[in-house]
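Enquirer: Quick note, the sequences are listed as chains A and B, same order. Just so you know, we're using the working numbering here: the first sequence kicks off at 280 and counts up by one. Just so you know, we're using the working numbering here: the second sequence kicks off at 69 and counts up by one.
None of these hints come from the bench; they were simulated from the model. No experiment lies behind these values; they were computed from the predicted model shown. Glycine included, every Cβ here is placed at the ideal spot set by N, Cα and C. Each hint should be verified, as a subset may be incorrect.
Examples of chain A residues toward chain B, derived with CB under 8 Å [stated by the list, open to error]:
#1 E442
#2 E443
#3 F444
#4 G445
#5 A446
#6 V447
#7 F448
#8 R449
#9 Y458
#10 V459
#11 S950
List of simulated lysine-lysine pairs, DSSO-like, C-alpha gap at most 27 Å [claimed, not checked]:
#12 K461(A) with K77(B)
#13 K237(B) with K153(B)
#14 K461(A) with K75(B)
#15 K153(B) with K177(B)
#16 K576(A) with K794(A)
#17 K237(B) with K177(B)
Pairwise CB distance ranges (calculated) [to be verified]:
#18 R401(A) with S174(B): 36 to 42 Å
#19 M103(B) with E308(A): 40 to 46 Å
#20 E917(A) with K92(B): 55 to 61 Å
#21 G245(B) with G450(A): 35 to 41 Å
#22 P238(B) with E357(A): 55 to 61 Å
#23 P251(B) with K333(A): 43 to 49 Å
#24 E347(A) with D214(B): 50 to 56 Å
Here is how the chains run, residue by residue.
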Amino acid sequence: MPKLTIDGVEVEVADGSTVLQACEDAGAEVPRFCYHDRLSIAGNCRMCLVEMEKSPKPIASCAMPAGEGMVIHTNTPEVKKAREGVMEFLLINHPLDCPICDQGGECDLQDQSMAYGRHFTRFNEHKRAVKDKDVGPLVETIMTRCIHCTRCIRFADEIAGVEEFGAVFRGEHMEIGTYVEKAVSSELSGNMIDLCPVGALTSKPYAFTARSWELRKTESVDAHDAVGSNIRIDGRGGEVMRIVPRLHEDVNEEWISDKSRFAYDGLRKRRLDRCYVRRNGKLEEASWQQAFDAVSKALSGLRGDQIAAIAGDLADCESMTALKDLMTGLGSANIDCRQDGAKLGGSRCGYLFNSTIAGIEESDAMLIVGADPRWEAPLVNARIRKRWRQGGLKVGFIGAHRDLTYPVNNLGVGPKTLGQVAAGEHDFTSVLERSERPMLILGPGAVARTDGAGVLSAARTIAEKYTMVREDWNGFNILHRAASRVGGLDLGFVPGAAGRDVSGILASAESGAVKFVWLLGADEIDMMPLSKTFTVYQGHHGDAGAAAADVVLPGAAYTEKNATYVNLEGRVQRAYRAIYPPGDAREDWTILRAFSDEVARTLPYDTLDSLRGRMVEIAPTFSGVDKIAPAVWDNFGEPGEMSGEAFAGSVENFYLTDVIARASDTMAKCSSQFVARNQKKTGTNG
Amino acid sequence: MTTPETKFKFTPDYLERAKAHIAKYPDGRQASAVMPLLDLAQRQNGGWISREAMAYIAEMLEMAEIRVYEVATFYTMYNLEPVGKYLVQLCRTTPCWLRGANDLLSVCKEELGVGTGETTEDGLFTLIEVECLGACVNAPMVQINDDYFEDLTAAQMREILSMLRRGEKPSPGPQNGRQSSAPGTGMTTLLDGGAG
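Next comes chain A alone, as it looks inside the complex:
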């Protein structure tokens, strides 16, 4: 624990800290371009020069380890002069195009040149120009602006795990580029845009659409996957202009996936902005009253068990609560929030990511079963990679393998291998036995199948056999991929007594036993069986669900409502309204509340607060926002036969998993560039 004196302030910093970190601790601001606290140290921009006593020249504070007794000055004329010199060199080849640069207004170089720049240039020679690179549909490059901080290279190598960026040529000719112009095949590539301290890497979809100071910024959470990444939604007028990450050390650090960042253009397309009622086989525009009338008419005379409701992957907790209460009021136990048919529910420890995302960093051995974290939860995968980079992590993998950006031990593909591990008959068991904090990650590919309960039970056996669950550690984890799932399970949006689950609902819809189905944003199920039932689709995008519906009720997307989502760890988080829903669309719970009046089953809450009170009543965990209540180890899963079928990945196409992403042009471009091309390769080509 070295002690330093910084500008006369004495600070004690952790071993291994740098002078720059010590300066920050002491409250001294140090400008920097290349240094980033989540990346390795490069020390090449030289902007962080400070004066150290007994050193003949200024030192680069980012690369200097803090030492006992150092005396540092950050605000002397010498330091200012040194930084001005650095700044002048950085600006030599940097174009003076701030007025047409998207980074303008939020540019580190622009800001710092206000403090350290000259008001004119002494450089009379030609500035160099660098050819722009094509790195795919997400990141725009204007390479002449690049100051070679190499943050993007380090990000690609270290965080994203795709070694595709590099610094080629040297000296005056150095350029940042890829090997043979190719798109950066990472689902985290958008983060390079945030990392770039200048305008060399900017967002392609956002290009020239807005200036940062015109945007209204709303802090919210993401709903494209179950991670619950913290985001900031930047809106202007009635439109979302862009989405950027927000710092949350325990969830997404400061990264978000490309889908979370770039799918927002899908919010403007294929929107359901008014009610529709099917007349003579065609959906026709209707008023709210006409739509409600049509639904109540269809409901009249039906018994509770003839009615069913399915909640989709983007559903928020408020609307699921309202829908559940409405269904209970109508006497129906046929409700389910597990579109994919996952055999999860009941005891809370049996469907949570119990170790927590931050807890991954404490683990030393991991068994991934039927999961594809890279596509199902990119930030969980990034966290596993972060842990792997720290060294000593052993990962066993059962299922359909693909590159996860860290090496894994392929144990097998199906339940047979799982059974062997559970019975202690596999080589990998010695790794689990020796491990101090072993983890098991069970993905949707393992539980969303007919023998899911048996798989869950085998996983539980493994967790207990290798003491993965102790007082101070719970290594049993379920990896979800839908934002609504944990919230739905917490709220008990699962079949009640004698109720039917999704496959039961669909089967009875086909046989005629269920005559009325309410789809709350459920699009990822087979719509064919619903052709005979009266189907209500409440949601925000015209996709499979709306096409199959008899009545369409326009709802709000996650950016348009004040809503609660529970992430895969069981963390309750609030999303806030950044823009208003289009046209006649309303916040989803208010639709259900209004409709409950129509059928004389009035829901007992008129405000968001009282609805949230009801949620706390159902599940007390909803009272602690952004808190994790450790789940008690309890019974779940049923020992049963497991089929021999291999675990399949649950995500066929990362860029097209939900209705918003499917409506997005940007995601369609990514899909054709990154997914379709790869799939072609694995086919029949020679």
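For this one, chain A is given, so just place chain B on it according to the hints.
Expert: Same frame as chain A, now just chain B:
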């Protein structure tokens, strides 16, 4: 000469030499052998390194292609585009320039009929100007493939080029008769042959 479309592979002879280089480094650190391997690839490939060769080396050393590309583009002695059979690197840095590098350059241009950075039509010569090759004491000089030709006059330069064109082998080293970089005016010390 390998065209960009053809696959690159070390011949058994080169492969053996490559393996000897890789064996110098501990397990998991084989990427350290990237520079000698690039050199081998350049030699086998007729004086330049193709993208295929870089990809091949990247695979052999289990490193990312971009990492090999970074190294290959950083060093000027790796040629990333095809060159002639004889790569004439003419030093133009101050000492050589003062001693007549300009004359050598005009002789080369005249004799070969190409400018700097160009290759003759028969594919025999590529002429480039380079910065200091560290033989200032023997200025002016050129490097042709692996050999230094030093203490050149314009006439000697012309002769060396025409010998190469005829398929003969000019002898490398100082062309004015002195031994390596011994004084041009004859020995001044150790005249007794170093006996004392």
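Enquirer: It remains to establish, for every hint, whether it holds in the given structure.
Expert: Evaluation of the provided hints:
1. E442: holds, 3 Å
2. E443: holds, 6 Å
3. F444: Holds - the Cβ of F444(A) comes within 8 Å of chain B, reaching about 7 Å at its closest.
4. G445: With Cβ-Cβ at 4 Å, under 8 Å, it holds.
5. A446: Given a least distance of 6 Å, the restraint on A446(A) holds.
6. V447: At about 4 Å, which falls below the 8 Å cut-off, the nearest Cβ of chain B leaves the hint on V447(A) intact, so it holds.
7. F448: holds, 5 Å
8. R449: This interface hint holds because 5 Å falls under the 8 Å limit.
9. Y458: holds, 4 Å
10. V459: holds, 6 Å
11. S950: Check failed: Cβ of S950(A) comes no nearer than 24 Å to chain B, outside 8 Å.
12. K461(A) with K77(B): Roughly 24 Å between the alpha carbons, so the hint for K461(A) and K77(B) holds.
13. K237(B) with K153(B): holds, 13 Å
14. K461(A) with K75(B): Satisfied, since the Cα-Cα distance of roughly 20 Å is no more than 27 Å.
15. K153(B) with K177(B): holds, 17 Å
16. K576(A) with K794(A): Roughly 13 Å between the alpha carbons, so the hint for K576(A) and K794(A) holds.
17. K237(B) with K177(B): The hint holds at about 21 Å.
18. R401(A) with S174(B): 36 to 42 Å: This hint holds: roughly 37 Å between Cβ atoms.
19. M103(B) with E308(A): 40 to 46 Å: With Cβ atoms ~42 Å apart, the hint holds.
20. E917(A) with K92(B): 55 to 61 Å: Since E917(A) and K92(B) have Cβ atoms about 59 Å apart, the given range 55 to 61 Å holds.
21. G245(B) with G450(A): 35 to 41 Å: For G245(B) and G450(A) the Cβ distance comes to about 39 Å; the hint holds.
22. P238(B) with E357(A): 55 to 61 Å: About 58 Å separates the Cβ atoms of P238(B) and E357(A), which means 55 to 61 Å holds.
23. P251(B) with K333(A): 43 to 49 Å: Given a distance of about 47 Å, which is inside 43 to 49 Å, the answer is holds.
24. E347(A) with D214(B): 50 to 56 Å: For E347(A) and D214(B) the Cβ distance comes to about 53 Å; the hint holds.
This entry does not satisfy hint 11, going by the numbered hints stated previously; all others are met.
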